[in-house]
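Enquirer: Please put together the full structure from these sequences, using the hints given.
Chain by chain, the residues:
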Amino acid sequence: DTGVSQDPRHKITKRGQNVTFRCDPISEHNRLYWYRQTLGQGPEFLTYFQNEAQLEKSRLLSDRFSAERPKGSFSTLEIQRTEQGDSAMYLCASSLGGDSPPYGYTFGSGTRLTVV
Amino acid sequence: RKEVEQDPGPFNVPEGATVAFNCTYSNSASQSFFWYRQDCRKEPKLLMSVYSSGNEDGRFTAQLNRASQYISLLIRDSKLSDSATYLCVVNKGSNYQLIWGAGTKLIIKP
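Which chain is which? The protein sequence lines are U and B, in order. Taking this note's numbering, the leading residue of the first sequence gets 1, the next gets one more, and so forth. Taking this note's numbering, the leading residue of the second sequence gets 1001, the next gets one more, and so forth.
To be clear, the hints were calculated from the coordinates, so they are not data collected in a lab. Errors might be hidden in some of the hints.
To be verified - A few chain B residues that face chain U, going by a derived Cβ cut-off under 8 Å, partial list only:
hint	residue
1	GLY1009
2	PRO1010
3	ASP1039
4	GLY1058
5	THR1061
6	LEU1087
7	TRP1100
8	ALA1102
Owing to the predicted nature of the structure, the values given are computational and were not obtained by experimental measurement. For glycine and all other residues, C-beta sits at the position ideal for the given N, C-alpha and C.
Expert: Here it is, written out as structure tokens:
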């Protein structure tokens, strides 16, 4: 499979628990992005990696959120002390970097988080 | 004001009709523009990039007006399988972060 894969597909957790999601990008893509999408809205940017470096974080990414991409390949997104407002679809995408115009991302299928 | 605004929808149109989506963006430094399609409870998938000269892919035509900061998508001879949410997406000028509209839901009826 050469697409972007995310794990798990669904996660139900109790408020206050920590959760971690994983994203495996397309292998030759050096850029990786995390987005969050709630019902009826477009995806909202959370953070972006070029190789292992986290180059930008949205102010949406509170101190309860942390993302890593330790070897420049897969990435993890952790949410600590989850709140009901964290319930959303968390989307990972990857793309090729460089000087070429961006031709859009390839998204994974997402992880749907429900905080109860 | 939102950075990318789309028609709120939903659009209910009969099969075979032509449907047009409109999108405006606020950042004049934006460089790249896309239309994505998202099926219910699925991830967004790239439909087409949008170029200044306009571009066509089969039944789909995308146009960009930089002066008006306006993007459009036209679907001709609509099919039942075109039913989805169409998202207008704009590069923020830094060549990596994309700003998304809320999407317009399209329902094609037989």
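Enquirer: List in ascending order the numbers of the hints, as given earlier, that are violated by the structure.
Expert: Violated hints: 1, 2, 3, 4, 5; rest satisfied.
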